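Novice: Residue numbers (the numbering used here), protein chains in the order written: chain L, 1 to 229; chain G, 1 to 74; chain P, 1 to 221.
None of these hints come from the bench; they were simulated from the model.
Small disclaimer: the values here were computed from a predicted structure and weren't measured.
Each statement offered as a hint is correct.
Taking lysine-lysine pairs in the DSBU-like style, the calculated list, with each CA pair at most 35 Å apart, reads:
(1) Lys58/G <-> Lys129/P
(2) Lys73/G <-> Lys129/P
(3) Lys58/G <-> Lys69/P
(4) Lys3/P <-> Lys58/G
(5) Lys73/G <-> Lys58/G
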Amino acid sequence: MRPGFVEVALLVLKKDLAIEFKSREIVYTTLFFAVACVMIFSFAFVMEEGVPVEGAAAGILWIAVAFSGTLALGRTFERERYTVTLRALLLAPASRAAVYAGTLLGMILIMAATEVVLTPMVAFFFHAPLFTRPLLLVALLALGTVGFASVGTLFAAMLVRTRTRDVLLPILLYPVTIPVIIAGVRGTAALLQSPPEEPVATLWIGLLTAFDVVFLTLALWTFEPLMTE
Amino acid sequence: MTGLLVAVLQQTPEGFVPVTGGPQIEQIPAAPLVIASYAFFLLLMVFYLWTIWRRIGKVESEMRTLERRQGEKR
Amino acid sequence: MKKLFVPLAVVVAVMFAAAPIAIAMADYESTMLLVQKIFYFHFATWMAMTLAIAVCGLASLVYLFTASKVADWCAVASAELVVIFGLFGLFSGSLWGRKAWGVWWQWDARVTMATMLVLVFLGYLMVRKYGGPGSEKLAAAMGIFGAATSPFVYKSVDWWRTIHPQTTVMKTLGDKWPGAWMLVIFCSVAFLLLTVLLLAARVRLEAMRSRLDELYLAAED
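Using the sequences and the hints, build the whole thing.
Specialist: This is the structure:
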């Protein structure tokens with residue numbers, strides 16, 4: 001009996017989470033890398049008096065998310081390549097798109113775990129009132145993460161067999177996801193104003209939603225032909 | 001005439017408004033930019049066409065060598 | 001189809017010979033005067049780039065789902081044109097901005113997004129060059145996603161008000177200044193025809209390369 005889409009996706013997710021829980025390698029290394037990013041930025045953007053540059057927090061948060069997300073993607077698919085699980089999954093009698101969906105869910109969870117630590121950290125170090133409108137902030141981060149991860153998972157998966165994959169992933173991923181980053185940064189920056197500019201943030205949330213719908217649909221649609229030889 | 005006045009007073013980036021009549025006072029600093037722009041375009045086109053030409057030439061010569069070798073084999 | 005190439009080339013050549021003369025004779029714009037004349041080719045090059053992006057996106061889609069070789073040739077040819085016309089657009093915009101805005105570069109929305117599109121299609125070309133075997137498919141994914149983002153490029157300037165002329169400039173130009181409107185259309189048409197011409201030439205190169213590969217394979221037998 002052929003398993004359904006959701007079943008397969010959840011199975012793949014469970015597999016990824018199970019593997020991850022055992023070693024927690026990717027979550028820890030991604031988190032540490034994100035923290036290191038923020039540290040470097042704080043040296044670059046904090047003035048001599050010890051006061052951080054105004055308005056830098058939004059950008060720093062999203063750059064850290066993007067960089068650590070790319071790292072997590074690379075590590076995840078490196079592991080898949082090493083253990084040949086991706087190949088095995090694609091040979092299974094299951095919808096390819098469901099395999100993609102399951103992998104994507106795993107990536108989103110890793111990035112979400114990173115952001116949960118990252119956001120309070122940025123707020124703390126850069127005196128940024130990020131939590132004045134928590135629901136809007138969560139919406140921005142969630143939608144931005146989905147957009148970034150949906151393209152990232154597709155590209156990382158399709159590059160798995162390429163020799164120059166480590167170099168090519170950032171080259172391909174960043175330009176395509178710049179709209180997501182811009183929307184995230186401008187939306188977060190709007191929330192950091194006093195008083196927070198809610199309509200502006202809502203506008204960027206709307207844009208992010210549109211991006212996500214377009215990119216997710218495209219990714220689900222093209223995953224199968226891309227991964228077939 | 002009033003149109004010209006309005007246009008000059010508008011100073012808005014909302015649209016282009018032509019200056020009709022009146023002395024065409026030249027702003028020297030702008031001319032090199034305009035000329036550079038169009039010259040660059042010309043150079044770019046010539047360069048691109050040349051690369052296509054060169055690559056086609058290479059493929060054609062490879063084809064000829066291959067056909068010659070085929071002929072010699074038989 | 002091949003027979004159209006030479007007449008098309010003649011038409012394009014004539015249009016591009018006439019264009020600078022027409023541009024030189026056009027009226028000056030009230031606030032920007034001479035430097036605004038960069039606009040005619042600047043706008044036209046973005047039209048050409050948009051056409052190339054559409055062709056690349058469509059061809060990539062067709063190639064991904066049908067493995068059609070011709071689609072692949074069109075995709076790589078149009079990707080090169082995106083980069084070329086895009087670079088000229090950024091260059092001419094920078095020169096224009098130097099005079100009109102006082103700076104060589106400005107990170108406003110449309111400039112940013114246009115740069116991003118050029119980067120996407122540069123990425124396309126890089127994947128094809130360094131991606132190893134099977135890179136046509138990977139590049140096709142880039143082409144599709146790049147084409148999908150370009151509507152957002154156009155809209156971004158409306159949503160993020162900055163110093164770049166709003167999209168309303170072109171919409172009202174026909175009423176406000178018909179002379180410039182016609183000249184812009186003329187230049188745009190010239191650029192679009194040029195795109196078709198260059199595409200044809202470039203696709204021909206790919207077709208020849210493919211034929212050469214076939215010959216090599218046959219020779220090994």
